[in-house]
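First to last, the protein sequences are chains A and B. Here my numbering is used: position 93 in the first sequence is 93, and no number is missing along the way. Here my numbering is used: position 541 in the second sequence is 1541, and no number is missing along the way.
I should point out that these hints are in silico values taken from the structure, not numbers from a laboratory. Keep in mind that a hint or two might mislead.
What the hints assert, rightly or not - Below, simulated EDC-like cross-link-like pairs (lysine to aspartate or glutamate); rule was C-alpha separation at most 20 Å, straight line: (1) A:K162 with B:E1545; (2) B:K1312 with B:D1267; (3) A:K163 with B:D1544; (4) B:K1541 with A:D179.
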Amino acid sequence: MITAAAAVNENVAHISNYLVYSAMAVYTLAFLAHIAEWTFGSRSKVAVQSAALVGEQSAKPAVTVRSQGGTTVLDRPKVVTRTTASDRGIPDGPGAAGEDEQGDLYGRIAISLTALAWVLHVGGVVARAVSVERAPWGNMYEFSMTFGATAVTAYLVLLLLKKNVRWIGLFLVTAVLLDLGLAVSVLYTASDQLVPALHSYWLWIHVSCAIISGAVFFLGATATFLYLFRDNYEVGLTQGKPNKGTWAGIMNRLPAAASLDKFAYRVNAAVFPLWTFTIIAGAIWAEAAWGRYWGWDPKETWSFITWVVYACYLHARATAGWKGRKAAYLALLAFACFIFNYYGVNIFITGKHSYAGV
Amino acid sequence: MSTTETDESELGTAGAQLSTAPQEDLGTVVPGSFGGVRAPGLGGGLAWTGREVWGWVRWMWRQLTSMRVALILLFLLSLAAIPGSLIPQTNTNAVKAQDFKDAHTTVAPIYEKLGLFHVYSSPWFSAIYILLFISLAGCIVPRSWQFVGQLRAKPPAAPRNLTRLPAYATWRTTAEPEQVLDGAQKLLRKRRFRTAVGGSAVASEKGFLREAGNLIFHIALFGLLISFAVGQLWKGDGSKLIVEGDGFTNTVTSYDDFTPGTFYGADDLNPFGFTLDSFTATYATSGPDIGTARTFRANIHYWNGADGKQQKSSIEVNKPLEIGGSKIYLNGHGYAPVVTVKDGTGTVVYQGAVAFLPTDTDLNSTGVIKVPDARDKSGKTDQLGFSGSFLPTAVVSQTRGWYSSFPALANPALILNAYHGDLGVDSGLPQNVYQLDTKNMKQFKDAKGNIVSKVMQVGDTMTLPDGAGSITFNGIKTFAQFQITHQPATGWALGSVISMIAGLIGSLFIQRRRVWVRAVRGADGVTVVELAGLGRSESAKIADELGTVVDGLLPVAPQASEDPPEEPEDPTEDPTEDLSAETRSEDEGARA
Ligand code: HEM
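With the hints as extra help, turn the sequences into a complete structure.
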């Protein structure tokens, strides 16, 4: 009886592995489709034209006016918005595909493939959970797997909400492939139960919040990273640098620096309370398991450091002279702390949390 | 926030005080900045110096409570927390810290001086967070006052030129201006704006919870700091190893070790006690994690108060037992072999269970048995000591010799070496009960000079040479290790963090914004409605919100039939031309 159940679990674990490998294969196809999207996009004449337009606009960057909501009711008064001074007046790029139809087609294929891979990926996570009969984040392999799935979920949700996030596709798929590659090769752990210290419903709450926070922070960090490049490019434009070459061709298809910056701020700020809650849930669990809610264990310390650097970033955004690039560096540093807390602390530093290790 | 700043300068009071964040003071100061005119004579000099000193103090205070310094202090705090995660800390793991000191003899003294073995209570770490909290106090007190003022004040009056605001809409209506304003006020009130009518315009504002949330968050940080401090100062923390069947009463002397906080002492321990009836452990018996623990449970009886009734309960990992203000945690477990020792005269000089401490997850355990009352054949005092290991599932291999391959009692064995001589227990020096000091002891050897040692199973006896006595392995008991902590103010800490999260949510998800509606009769007798909205720079929703206000207002103020010719179809034409020209020159002015 017991062995039969164990065999079933083992089978489900195998299914989980197959699903994860299939997801990786489909993500790879999505990656290639995104590459095709960017490549075709760079050929697009319209992309170059719009770049020319950008160049022209930046010559007189003061203010642009967009109209909104005028289309629904023909007669309805329009709400005119004035863009802010920090916008530089440079509009968002057209996206990876430029205006190239073939590029756009590949982009759509890439998104469909990403969605398909996501289904397989989530299937893999669920099968893993079923095989171990608990939450699928008891060790680094499971955590990585679930983390990747959550990042893709966040992206797909934003797409469904019709947010302008298509530009993130290539970077996301690349990162998820790296994450899964690392998970299946270095971090793989055959499915099994947990040590008693991990038996707690706080495991569900604390770790799931950590995963969601990390996945969203990841989207924010990607946007921040691209912001730094695009900002550089825009500064070049306003100084009259030539808007030519492959690099410019890539840059001009990205959203405007101001849009990237705003997107990064929004996602980081939106998930900061959740990250705060994650740490608190961890403290409550530590209180139940070890008799103290805070003991400066390395994992706790690095969660605290991550939290403080994100708080720094939020402060920087509200402080004259620190907005823009300086705040962006802080955001990247904060995310680096998050990643270090996950890989670095688990691998290099042993603390009370280390049984969830490799 | 540069938008808000430009807006504030452009719009005067209308854009002012959208938040209570302190203004940046970017001016430079030099000696003589504050003193003003120096009157002649000593009195003048003194007055000048006084003004100068006071000026500097105020300047430094303003710097300390500025956002920039708060930012820098926060950053320093994160940096300062790093070394404590890389270097073993005495308060979290004294053994590891000592190992580190032993291994790094050159840097250890330097680290010691820098407080790197107790980073989180070191002067420099404390300095950073104390400065941060002073800065925080200096920040939130004035901000709270300002906020109260803002709550009492009316929304600022509409700026003259509404077209300059980030979101703007206008139309011509057949309704009377008064009707429009009345309707606008009702509508905005319904949308929970605070409104005020001033002249030909309605001013309104919403989203004060943002500011309130932000203040609550920062005040709750204080709550957390205080709770943490109280928790550290009034805490008591000790551990106790209990063998099956034995008990514990909560007094300082019954602990194996006890570390009280600064203000917590022997008199504060609440009277309770418990006995360990039995201990259950189950382990994975197959799979890659074979031997990994599944459940640990200590079954106990406890009593609370001097004459409390006995109650049955259990303690598990993650499930501490709370008695009075103390919590009992299960921290570890192991085996205690039961032995009987006879000395050279044949008397039983020791009988009982001795805890052997686990060294790994398969519960390879080591321990010692000290028998101070033993005599040799001739009746002379000759103390006996045994050291060795206990193996719950003993196996033997070529490379490792005897070891345990599984944590449960599948094939228990006790392996002991025997010594005689002076245990050193009477020397007055404190001794570790888990270590044998063999400095003044001789190991038993048989006639051939081989060391006497035996792998004993339950029931076996090891006889010592020369009639020095014997030791019998009678049985096995389990023991459990408990941590008993008393930590006050955890409830306050929890309350603080809940307020922090609530405050954060208000602060980050609510937008503070203002909407103005103006209705005036134009030159041709038709009413012109103008709407404008202003939010903080991060709020993109202000245009959408203005859109819904427009929709809500249209039934009250229906559009006049023909569109005025000056209403532009392409928005890059009419107001834009002059706007961009104006703003550009302002921008240039700002840059210069
Ligand atoms: C103890 C360390 C501190 C932490 C962890 C902290 C954390 C935060 C966080 C997370 C926010 C973001 C909320 C938001 O953007 O609305 C924030 C905002 C803010 N903090 Fe702090 N803070 C600290 C100390 C301070 C100090 C010392 C000051 C005063 C100089 C300060 C002034 C502000 C202000 C004015 C805002 C609002 C910014 C805005 O309106 O966007 N904080 N703080």
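(request) Give me the numbers of the hints this structure contradicts, sorted from smallest to largest. (result) The structure conflicts with hints 2 and 4, although it agrees with all the remaining ones.
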